[in-house]
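Trainee: I would like the entire structure built from these sequences, with the hints used as guidance.
Listed below are the residues making up each chain.
2 protein chains.
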Amino acid sequence: MTPRGAGTAGIKALCFDVFGTVVDWRGSLIREVRVLARAHRLKVDAAGFADAWRAGYAPAMNRVRSGALPWQHIDALHRMILEDIAPSFGLGDLGEAERAELNRAWHRLRPWPDSVRGLRRLKRRYTVATLSNGNVSLLNNMAKNAGLPWDLILSAELFQHYKPDPEVYLGAARLIGIEPAELMLVAAHKSDLRAAQACGLRTALVERPLEYGANRHPDPGPDASFDLNASSFLDLATLLDA
Amino acid sequence: MTPRGAGTAGIKALCFDVFGTVVDWRGSLIREVRVLARAHRLKVDAAGFADAWRAGYAPAMNRVRSGALPWQHIDALHRMILEDIAPSFGLGDLGEAERAELNRAWHRLRPWPDSVRGLRRLKRRYTVATLSNGNVSLLNNMAKNAGLPWDLILSAELFQHYKPDPEVYLGAARLIGIEPAELMLVAAHKSDLRAAQACGLRTALVERPLEYGANRHPDPGPDASFDLNASSFLDLATLLDA
Chain P
-4 MTPRGAGTAG
6 IKALCFDVFG
16 TVVDWRGSLI
26 REVRVLARAH
36 RLKVDAAGFA
46 DAWRAGYAPA
56 MNRVRSGALP
66 WQHIDALHRM
76 ILEDIAPSFG
86 LGDLGEAERA
96 ELNRAWHRLR
106 PWPDSVRGLR
116 RLKRRYTVAT
126 LSNGNVSLLN
136 NMAKNAGLPW
146 DLILSAELFQ
156 HYKPDPEVYL
166 GAARLIGIEP
176 AELMLVAAHK
186 SDLRAAQACG
196 LRTALVERPL
206 EYGANRHPDP
216 GPDASFDLNA
226 SSFLDLATLL
236 DA
Chain Z
-4 MTPRGAGTAG
6 IKALCFDVFG
16 TVVDWRGSLI
26 REVRVLARAH
36 RLKVDAAGFA
46 DAWRAGYAPA
56 MNRVRSGALP
66 WQHIDALHRM
76 ILEDIAPSFG
86 LGDLGEAERA
96 ELNRAWHRLR
106 PWPDSVRGLR
116 RLKRRYTVAT
126 LSNGNVSLLN
136 NMAKNAGLPW
146 DLILSAELFQ
156 HYKPDPEVYL
166 GAARLIGIEP
176 AELMLVAAHK
186 SDLRAAQACG
196 LRTALVERPL
206 EYGANRHPDP
216 GPDASFDLNA
226 SSFLDLATLL
236 DA
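Protein chains in written order, with my numbering: chain P, -4 to 237; chain Z, -4 to 237.
FYI, nobody ran anything at the bench for these hints, they're computed from the structure.
Small disclaimer: the values here were computed from a predicted structure and weren't measured.
Any given hint could be a false lead.
[As the list claims (entries may be wrong)] Computed from the model, here is a short list of chain P residues facing chain Z with C-beta under 10 Å: (1) D70; (2) V131; (3) N136; (4) K139; (5) R169; (6) I171.
[Said to hold, decoys possible] Subject to a maximum C-alpha distance of 27 Å in a straight line, what follows is the list of computed BS3-like cross-link-like pairs (lysine-lysine): (7) P:K139 to Z:K7; (8) Z:K118 to P:K139; (9) Z:K7 to Z:K139; (10) Z:K118 to P:K118.
From the three backbone atoms N, C-alpha and C, an ideal C-beta is built for every residue, glycine too.
Mentor: Now the structure itself:
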């Protein structure tokens, strides 16, 4: 038992939330939008645009989770939100090709500086898998672009349910072929971890204080209700003896 | 256009049959059974046992495909066949722990000598994925054990259909986010390749003349109806400029 957490015996696999936990969606989107704006000589509030795009995500998923929208993957939801917000950020005149390319920015998100090295260490001892609401092709393109060394790419798309629906967490354990208590969810978001806990998974909070920029940190830790609290994937690897 | 095949432009991803194409199931099972027999001082026809276990596979899958059995993954089918054949090979007295461990031999199958190096080359240029009737956990354990560098582990289990049902080939293209014509199936078995062709996939035959031992080669090539014919994964990488 350590002050930072306990109870890691018997863990066989780690699954990772991706947006915010593995990759810096906000910084990556800001960079992409700035490049686009410069190329088209537009003046865009890139940080405001990134925040608005991400803010549309949970409500759109909830419309799918509630049945108000039929199942569709995140690429489609991102595009729907983009159509909604583009005009108010001065991007209303972008053509179809530019919109499709901008929507693919989510396939090119960049990892936090410790993500790749931490995953490489963890992979030597554990199965490391995504467990993301992002679709499989998005996660695969991201992994190939960023060098993320996943053993398995698991996605809400495989279960036709979005997190925090229990089907996602329990489906991951079933596909990996282990018990829920042998699977640890790693995430920067306490709500995701709490939903995993309710399904019997182990949990590790990795703080990403810059996810929403320097002035907003909605999920500060540590929190003793999780099995582990870590400051980075390298710290997590050390806590898990990897 | 070369004598060995043509038409590789526009290919974005390769998916691989696994049993026989990537790994040597027969040689691997023979080794495992010999070790087991020695430990228990049993006399077992290891090659005959491996062949009988594999021979039960297609009929068992067909019972699932026809609806005679409810959906179940390959681990369960392998175990069912093992129970059937164990007594006639002198393995009827094995206890539950030994049977479970023997059934896991399919998770430890060894790759052909060119598989890992060929996949590493192909992975630099293409998405490389399994497309196997083996379940996800079997394929993941095999990959970690053998060092197979998959980008994606795709399995019949994800579609609740076994090859050669079209749902498997079309489902793979859908999850990878590409058109069927942008996906190439690599297999040592012509029936698998023909079913993929019927779904619009590209095809590459890689001959594995030793799959059934030195005296039986049911699928000799080349065959001009496939896009490519290769003698190994290294040869395939060369044909695909990887």
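Trainee: Compare the structure with each hint and give your call.
Mentor: How the hints compare with the structure:
1. D70: holds (8 Å)
2. V131: holds (4 Å)
3. N136: This hint holds: N136 of chain P lies near chain Z, its Cβ roughly 8 Å from the closest one there, short of 10 Å.
4. K139: Hint on K139 of chain P: holds, closest Cβ of chain Z at ~6 Å, below 10 Å.
5. R169: holds (9 Å)
6. I171: holds (6 Å)
7. P:K139 to Z:K7: holds (13 Å)
8. Z:K118 to P:K139: holds (9 Å)
9. Z:K7 to Z:K139: holds (25 Å)
10. Z:K118 to P:K118: Within the cut-off at roughly 18 Å; holds.
Violation of the numbered hints given earlier is absent; every hint is satisfied by the structure.
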